[in-house]
Each structure stands twice: as structure tokens, then as C-alpha cells.
Amino acid sequence: MISERLKKTILKELQLKDFHLKDETHAYQVPGWDSLTHINVILAIEKEYGVRFTTTELLRLKNIGELQVLINTKCTENS
Amino acid sequence: MLFNTIQFALFFVIVCLLYLALPHKWQNRMLLVASCIFYGIWDWRFLLLLFTSISTDYVCSLKIQETEDERIKKRYLLVSIVINLSILGFFKYCNFFLDNLQILLNHSGIMVHDHFLKIVLPIGISFYTLKTMTYTLDVYRNEMKPTRSFGDYALYVAFFPQLIAGPIARAKDLLPQILAPRKFSLNRFYEGCYLIFWGVFQKIFIADNLARIVTPFFNSQPPYNGANVLLVLYAFAFQIYCDFAGYSNIAIGLGKCMGFETMANFNLPYFSTNPAEFWRKWHISLSTWLRDYLYTPIVVSKRYWGSWGIAFALMVTFLVCGLWHGAAWTFVIWGAYHGMILIIYTWIQPLLRKIPRPKDVLLDNLWFLVKILFFFHIICLGLLIFRAQSMTQAVSMIQSLVFDLKFNKAEASNIGLGIISFVWILIMVQLLQFKTKDSMAVLKLHPVVRAIFYCVCLFLLLVYGATEGNEFIYFQF
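First to last, the sequence lines map onto chains A and B.
The first sequence begins at 8 in the numbering used here and counts up by one.
The second sequence begins at 214 in the numbering used here and counts up by one.
The hints are simulated quantities; they were obtained by calculation from the structure and are not laboratory data.
Check before you lean on any hint, since a few could be wrong.
[To be verified] Computed far set for chain A versus chain B, every beta-carbon distance over 12 angstroms:
1. SER10
2. ASP25
3. ASN47
4. GLU55
5. THR61
[Stated by the list, open to error] As a list, the in silico DSS-like pairs of lysine-lysine whose alpha-carbon atoms are at most 25 angstroms apart:
6. A/LYS14 with A/LYS81
7. B/LYS286 with A/LYS81
8. A/LYS69 with B/LYS515
9. A/LYS69 with B/LYS567
10. B/LYS572 with B/LYS650
11. A/LYS15 with A/LYS69
12. B/LYS331 with B/LYS238
13. A/LYS81 with B/LYS515
14. A/LYS24 with B/LYS331
15. A/LYS69 with B/LYS305
16. A/LYS54 with A/LYS24
17. B/LYS584 with B/LYS650
18. A/LYS19 with A/LYS29
19. A/LYS69 with A/LYS14
20. A/LYS81 with B/LYS276
21. B/LYS584 with B/LYS648
22. B/LYS648 with B/LYS572
23. A/LYS81 with A/LYS69
24. B/LYS331 with B/LYS305
25. B/LYS287 with B/LYS331
26. A/LYS69 with B/LYS584
27. B/LYS572 with A/LYS24
28. B/LYS276 with A/LYS69
29. A/LYS19 with A/LYS81
30. A/LYS15 with B/LYS286
31. A/LYS29 with A/LYS81
32. B/LYS331 with A/LYS19
33. B/LYS286 with A/LYS54
34. B/LYS358 with A/LYS69
35. B/LYS385 with A/LYS29
36. B/LYS238 with A/LYS19
37. A/LYS54 with A/LYS29
38. A/LYS69 with B/LYS396
39. B/LYS331 with B/LYS358
40. B/LYS494 with B/LYS358
Here the structure is a predicted model, which means the values were calculated and not measured.
Built from N, CA and C at the ideal position, the CB exists for glycine as well.
Whole structure, please, built from the sequences with the hints as guidance.
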């Protein structure tokens, strides 16, 4: 389940008013989320949650649901 | 065996008849044998290289799957990358490297003689190397599980419609279609036949006829007339598009006739208004490959560099893209040109977004047309570098475009009318596809209109089609 916090962060970075994000949503299905803006979204998420992802972790993500799981794991490790 | 020959047509009819008569398991075996015959006709020794790549990735992907140890996974991924790139590097870039090394040493005062090796470039090597590497990379990234069936995996790489010049299908898309029984669909078969017909028309009527304008011009010596350069560039823009999109349509159509669905390789690229959009629509299977397996890993690892990280990743990706197309400085500089355009675009994109769209529909359409035409000329300038036989010729032509843009009425109208007479039907079809947002829009036309369309195409093909049986441009890559 995508949290409101993650949804807000993504939509704010992409300057979108609203978009329905599901677990299965792929990055490139979200308007404005393309290969050129991808990294800005990742940086915004890292800043919002105070975490750092490794390159392999990011490359293995298949959809936003997996991104949420990764964030939750990182936050648990940090706390 | 070229797609645009009678021999291939006969070959495909035999393959299709056998395919329809056999059960699933034997269909795959027959397709693998047919693919080997298709490829081996060029030179049977190429098959050894093809199967070296196939075996490497078959073994490496299984080893990656078997272990939980990240270091071992990475080691097998590296083995796959090193072996594949070494083969590609030796056969495609060895002479380029030796040639440049000799020039460098001679400039430094160390005189060395020519050390050219007689290396034949195995046809399709750039395409199948990317295809087979994709498989191991996807297994490493947990995007798919490897198959234990060597024959089915070999068919994924060697599948004859896509073997020589793509589309570079992903294993996660094509392999499941190979592993599962395919259902015959009359509708899909009809779509496949249409794509083959349209692809042959694009190649033989449009591309090969435009080649008669383009090739002599690029074989000629300077000085050039700027206006003629511009018109020949328009001709080349349509030639290379129809040559490669035509090939892709035939490849996708052949697959469809046998029940395989393949990703589209072109989506009206000349309707693009910016470089990012262009690369989403031109040679899609290569641009998405580069995006997923080269650009993204670089940009992710360099994300703390900010916009410089994006610029670095773009430049590296497009330099590789240029070099992938051929071992020549013109291709490298063409890659750098596109990398630079994309970097500039990412920097000015926020400003471009602030330009208000005209509220009037007519003005809005006109503005859209201006953007398309402007960007088309930027693409044409890149194509000049791409097509030129040397950088000296490219510079000479660019100089003529800047300093000698005088129209000679007789010459210009000759070239211009030549181009229009070959591309008018393409433009009509593309306008229909653009308006309906449907690549199969022709098939949805009224049956009478469709019949007229087929008759006109067939007439043009039979009466005015080029009969030289030219190779497809992308075969050399």
C-alpha cells in the first residue's frame, strides 16, 4: 500500500495535482516521470525520508509498491 | 538472405507451412533450425560466434539464479558482459582502434606501418549481443527467471525475423511466447501480412528510390551547393526512416504471422517536437535498451552530482549509442551531437514549459507545426554527420549550408520533385496514423478505400520499385 507521504513527495516533485498511484504502477506510467526526471524523484524521496538507497537496490525496483517496501525497510533499519 | 528477395519469400512460405503443421515443441525446434539456416547462409562460421554468445548467457544466467551470494552473482554478470563485449569489440572495433593508434603514434613521431587485420564483421552482431546480454542482466536484476531449455533460449536470441537488425526484443517479453503454445489468430495473421506488405513498400519503393538521389550526392566531391545539401538531407531523412522502419515492420509482421507479438520499433518519430520525445519514438528497442541498461545505472550512481550527473549519463549513453552504430568518428560525433542536444534540452526545459500555448486552435496547430519543422531540421543536421563518409565531408557540407544556401531552380526542383513523388504516400499514411493515434489505422479504413490503397501501393511497387535488391542500411551496424 502506497503511503500518503510517499505519494505527496512524488506528486510534488513531478508538479502533479493528483494521480492515482497503485502498488503495480510503473514509474514511466506516471505523467512527467521519465528517464530525465527519474533521478530528481529519487533524490526527493531520499531527502524526505532521510535514507540512502544503493544503486543495485534502485535498479531492482519493478514498481512503486516495491519502492514503498524498500523505504519501509530502510526506515526500520535506521530507527 | 535479404527480406526483400524472392528467396526469402520462398523460405518464409516453407517455414510457415511447416510451422502450421507441427505441434508446439517441434515448432520451436523447426524455427531454431530455420534461423540457423537463415543466418548460416551468410557465412556458417558466424553461427559459431552466435552460439558462443548464446551459451555464455545461458550458463551465466543459470549460475546467477542458483546462488544467493551477491558477489558470485556479480561475477557471473561480469563474465557475460566481458565475453559478449570482447567478441563485439574484436570484430567491430579492432581495426578502428588500430587505425587510430597508428595515427596517434605517427603524430608522436613513432612511425608504424598499417596493421589492418582482415576481420569480417559478422552480420547482426551488434543486435544479438545486446539481446543476449539483456537476458543475463534481467536475471541479475530479478526481473525474470532463466529457462533451463537451451533450445528455447537459443531460439529467443536467433529468432530469424529479429536476428539481423532487431527489434532488440527483451527476453521477458519474447521468451514466455516461445515457451508457451501460441494460438493462431486470423486477425493477427492479417495484421502481420499488412506490416510485411507496408514494410516491403517502404523499403523498395521509398527508401531504395531515395537512395538513388542520396548515394551519388554523398559519393561526389566538394564544392557542394547548400540548397542541394539541404534537399538531399531531407531525402536521406526519409530514406533511413523507411529503410529501417520498413525492415522493422517486416520483422514484426513475420513474427505476427507465426503468433509472436513484438514491441514497436518506430512511432512517428518525425512528429516529435523535442529530443526526449524523438528518442521515445525512434529505434525504440535500442533507445529503451540504452535507457534501462546504461543511462539509468549511470545516472542513479551519479545522482548526487545533480544536473551534471544527468548530463554525464546522457553524454556517455549517446557516445556509446554512436559507437554502437559503427566504428567511425562520424558516428561518435553524431552520438555526441544528440547527447549535447538532450543536455541542452534538460537545462532549458523549465523555460520551455513557461511558453504559453496559443488559445486559438488554428494558432496552436501552427505552433505545433513550427516546432515539428524546427526539430526535424535539428535531426537532419545530425543525419548529415551520420551519413557523411568522413568528418571532412560533413564539415564541407555544413559550410555550404551556412555560406552557400542559393537555390538553383532546375537542380532544386529536380531533387524536390523526386522526394515528393516517393514520400507522398508515406506522409498520407502517417498523418492518418497521427490523427487516429493508431499504427494500424489503414486496416480500419473503409474496405473500398483500403482496396484502392493496396492497388496504388502495388502498382507503384511493381512499376517504380527499385530492382537493385539493396541491403538494409542497418545491416552494416
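Violating hint indices (sorted, rising): 3, 5, 9, 12, 14, 15, 20, 25, 26, 30, 32, 33, 36, 38, 39 and 40
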